[in-house]
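Novice: Each chain is listed here by its residues.
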Amino acid sequence: MATETHETRTVGEANAKDRILDVKNLRVNYQTPRGPVQAVNGVTFFLRRGERLGLVGESGSGKSTTALSLMRLLQEPAVIDGGEVWLDGKELLHLPEEAMRRTRFADIALIPQGAMNSLNPMMLVGEQLRDTIRAHRFTDTRAAIDSRIQEVLESVDLSADVMHAYPHELSGGMKQRVCIAMGILLTPKVIIADEPTSALDVVVQRQVMETLGRVQKEIGAAVILVGHDMGLMAQFVNRIGVMYGGKLVEVGPVRDIFKDPLHPYTQLLIGSLPTLQTKEMFKGIAGLTPSLLNPPSGCMFHPRCPQAMAHCAVEIPPLVELKPERWVACHLY
Amino acid sequence: MKLLEAENVTKVFGGGLLNQRRTVAVEEVSLSITEEKPTITALAGESGSGKTTLARLLLGMTQPSAGAIRYRGQDLAAMPSTERRAFRRQVQAIFQDPFEVYNPFYRVDQVLTIPVRKFKLAASRAEADRLIEESLAMAGLRPEDTLGRYPHQLSGGQRQRIMVARALLLNPKVILADEPVSMVDASLRATILESLMKLKRELGISLVYITHDLTTAYQISENIYILYRGAVAEMGSVDQVIKDPQHPYTRLLISSIPLPDPDIHWGGEDELERKAQARNLSSGSQGCKFANRCPFVMTECHAKQPPLYRTNDDRAVACYLYKEHPVVRGGEMANVLAT
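Chains as they are written, first to last, in this note's numbering: chain A, 1 to 333; chain B, 1001 to 1339.
No wet-lab data here; the hints were simulated from the structure.
It should be emphasised that the depicted structure is a prediction, and the values quoted were computed from it without experimental measurement.
Derived Cβ-Cβ restraints for the label pairs, each shown as a range:
| hint | chain 1 | residue 1 | chain 2 | residue 2 | range |
| --- | --- | --- | --- | --- | --- |
| 1 | A | 102 | B | 1197 | 49 to 57 Å |
| 2 | B | 1202 | A | 82 | 44 to 52 Å |
| 3 | A | 309 | B | 1145 | 22 to 30 Å |
| 4 | B | 1100 | A | 35 | 27 to 35 Å |
| 5 | B | 1298 | A | 323 | 50 to 58 Å |
| 6 | B | 1085 | A | 259 | 50 to 58 Å |
| 7 | A | 277 | B | 1100 | 31 to 39 Å |
| 8 | B | 1197 | A | 303 | 21 to 29 Å |
Just so you know, even glycine gets a beta-carbon here, dropped at the ideal spot from N, CA and C.
Whenever a hint applies, use it, and build me the whole structure from the sequences.
Specialist: See the structure below:
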């Protein structure tokens, strides 16, 4: 894994043609009884072909909402109220519903959070996988479908017999592998993995992530890994986008984010991570996550920021490319 | 003086008339917490390792099938009610999900006022308020930020620290914390662990830290038990077990931790394990529980479960790879721990 990640990390600067996904100024709002909440507030980023991007943030930072809105999978009361999502030259947010349905799984697939609960307990695994294919390719024969399913199950290290099992007969790791199989069944260009291993033990987690990485490379898809486990990010992704209060505050190559974080929030986040190297007093980040009902003025992080200046409470810092590959939204720069 | 002590405890579920399948959740585990020097002992393992069952045994919430749990030398199973009351006060628990403990319709004050009333901690309302405010401050909370609020108005970290405050109200000797930080965000995790360490440092409270996360266990505890399917695979000083794991299972676990450093790659032991699985040796129930996943498996591993071998002063490993070392008998397990 080491050499391969390194190669991708040295890929040159942004080239529009490299990009498989371009998200521009995405906004999502939740209508709550106590007023509207801007869960995603102008998020802009891109994804290169075949790369692995991590979206990290605390609960409520908007990372899952961002990921789900790329597939238009959000339900009421969430409303996408602005922005563009370009997938390989096709704008998704304004696509008719039927065209969007055909795009899901075929071009952009989801491996959901808590895969344990996302399979239908009443249906055989094989039947659920067949449905996914049938929803897109009406003409395939049963034999062709089943041979594709067998091929995909084997590629995620499951035996083809899993087709004839109900989800409850499988372990957590096996269910997660079924979800990966479903995600790659139609060889999508982008796979969104939303905390795909949060309920698994560490050994199983590593094996599942290695499988995901391998099949992603085989089919040449790009991955957005959504989560809060910085360790998993360090091990899996090429680049990281750090979200805070519905905005991206920093985007950069994984090694830079860990070794030379720019945004004060990223710095504190990295500093709060316990390691096995040194035993020291690791410190948390003082203060509370911002209330989105009543967000702070200016920079969302200024009330907790040790380096806040008067200006920070007034003006929202834009996300700018400070140097090649390093984007940051902070008035310090 | 031994405060809380488990001696060779085993807990078996099922095996009765209705559920004939026996599950050994905890198998011959000994542990002791002394009064003289406060310590943090980590019980670490994955799901199904028996760590939560062991915690429930230590809290007296479930009875051992064999062996005994003692508090100040008294067997919990035969404890008179007055002493049981003292035990209930002095041994407190903090659980994983700080949301489930709360009744969403009551203000959070309720979880603090109930123990004050139940244990008659205060003679007057004013004294009760003072006690509550003191314990909130010790847990790192400002009373004005927390009292009078409903659970949903507080962050996960605040809710968890209220549970710490609730435990502190009773002036406990021992706190069992079952995955106290697995539901909170990274930035708050450090704050909560910091407040747990303060309890030991400043109030002399011993902790039993139950977790699947070896990184935080390494950071806060002195001693660790690595449990695998109910039995102790390896135990001893946390520095030795984590920095130089000996049991093949501990080695696999530690190499699987996703470290927050892109230059340190996980894996390594994995290839070995996969080869072992491919051989698909069936491990009889009497053999080592890890045998069918173990890359170093030998014939004797399938025949009989290995005892703990004391590989040095403050560490023991249940693995035949270390059979030249002296055997630790069940009751002596606690002596291996660094104090």
